[in-house]
Amino acid sequence: MPELPEVEVIRRDLEKEVVGRKVADVEVFRMRTIRRHPNKAHFKNALVGRKISSVGRRGKYLILKLDKGSSKSDKASVLVIHLGMSGRLLREKSKKAPTLPHTQVVIVFTQGGQLRFVDPRQFGEMFVTSVDELDGIEELAHLGFDPLEDNIPWTEFGRLLTQRKTKLKALLMDQQFVSGIGNIYSDEILFEAGLRYDRRSDTLSSQEIRRLARAMQEVLQEAVKQRGSTLEDEQFVDVYGEPGNFQSVAQVYQRAGQPCSRCRTPIERARFQGRHTWYCPQCQS
DNA sequence: GTTTAACCCTGCACGC
DNA sequence: TGCGTGCAGGGTTAAA
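Quick note on numbering: my numbering labels position 280 of the first sequence as 281, and the sequence is numbered without any gaps.
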């Protein structure tokens, strides 16, 4: 599942591959991916003729800025992309490259090359909106701080934590509290910080708050450096189709029964809010 | 305010 | 072997 590090890897790849390119054509295979648009033509018309001027990220959302079209009435707009659970963005140099199963949208550039959105489970989505209306999109407007971009002081982080009375894993995965963290990285961050998934957020000492703030930065930065996590059952790849490597340095995620790297106690798996969580029963409290 | 459950969809494991 | 059923998986939202 793409979380902040995977989305950031894609963002950096797209910066190299699509900025400056102009959209020549758009093919939509299923409506579900562009469900915020009334029909395929509406989505296509919003993109054709526009040039991509930059690629940004908000939490797990990619924001591709589009320059103004040729008509005077055209407003500056953005293409917003969420990869959902299984979405992939792939750059294809040739239009002759075979179309993978579950390809939902293909964007063709005037300079040649294509960007393809492949999403088997169809939880991902794409939509075009004007820059003015972007802040009115609820999912984006309600996003919490970005753990890598917004360098919030640990004291402020502590204030936010103690304002809430909820279990740490739930809070880390709450996009309205902090944006971009999902199941993999919440487990890894909590291990790094020595805190249990079900520890209440308002019971942390200042030392523990600092440890958690530091773990969040370190784990996410390392994951970006490793170009994300590609697990057996997930299959994240970058825009060149290459897998990430963070899974090989992960300490607890999907490692039940294996000895903890710090204390050799076997890693345990528990069920938390309908999902699995992995932790060291000795090192995390 | 916090927790739980359901939904979205596909692929896969399992049992008959 | 082939088919049908049930469920995992993450994010979001509605309901409890």
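Treat each hint with caution, since some may be false.
[What the hints assert, rightly or not] Straight-line alpha carbon distances no greater than 25 Å define the calculated DSS-like cross-link-like pairs of lysine-lysine that follow:
{"hint": "1", "residue 1": "Lys69", "residue 2": "Lys97"}
{"hint": "2", "residue 1": "Lys97", "residue 2": "Lys166"}
{"hint": "3", "residue 1": "Lys45", "residue 2": "Lys76"}
{"hint": "4", "residue 1": "Lys76", "residue 2": "Lys94"}
{"hint": "5", "residue 1": "Lys66", "residue 2": "Lys52"}
{"hint": "6", "residue 1": "Lys41", "residue 2": "Lys52"}
{"hint": "7", "residue 1": "Lys97", "residue 2": "Lys45"}
{"hint": "8", "residue 1": "Lys94", "residue 2": "Lys45"}
{"hint": "9", "residue 1": "Lys97", "residue 2": "Lys168"}
{"hint": "10", "residue 1": "Lys23", "residue 2": "Lys45"}
Keep in mind the hints are simulated off the structure, nothing from the lab.
Taking the hints in turn, this is what the structure says about them:
1. Lys69 - Lys97: Measuring from Cα to Cα gives roughly 30 Å; hence the hint is violated.
2. Lys97 - Lys166: At roughly 55 Å apart (the allowed maximum being 25 Å), Lys166 and Lys97 break the hint.
3. Lys45 - Lys76: holds, 16 Å
4. Lys76 - Lys94: Judged against 25 Å, a Cα distance of about 30 Å means the pair is violated.
5. Lys66 - Lys52: With Cα atoms ~8 Å apart, Lys66 and Lys52 stay inside 25 Å; holds.
6. Lys41 - Lys52: holds, 19 Å
7. Lys97 - Lys45: Distance of about 21 Å is within 25 Å: holds.
8. Lys94 - Lys45: Measuring from Cα to Cα gives roughly 21 Å; hence the hint holds.
9. Lys97 - Lys168: Since the Cα atoms of Lys97 and Lys168 sit roughly 50 Å apart, the hinted pair is violated (cutoff 25 Å).
10. Lys23 - Lys45: Judged against 25 Å, a Cα distance of about 13 Å means the pair holds.
Hints 1, 2, 4 and 9 from the list above are not met by this structure, while the remaining hints are.
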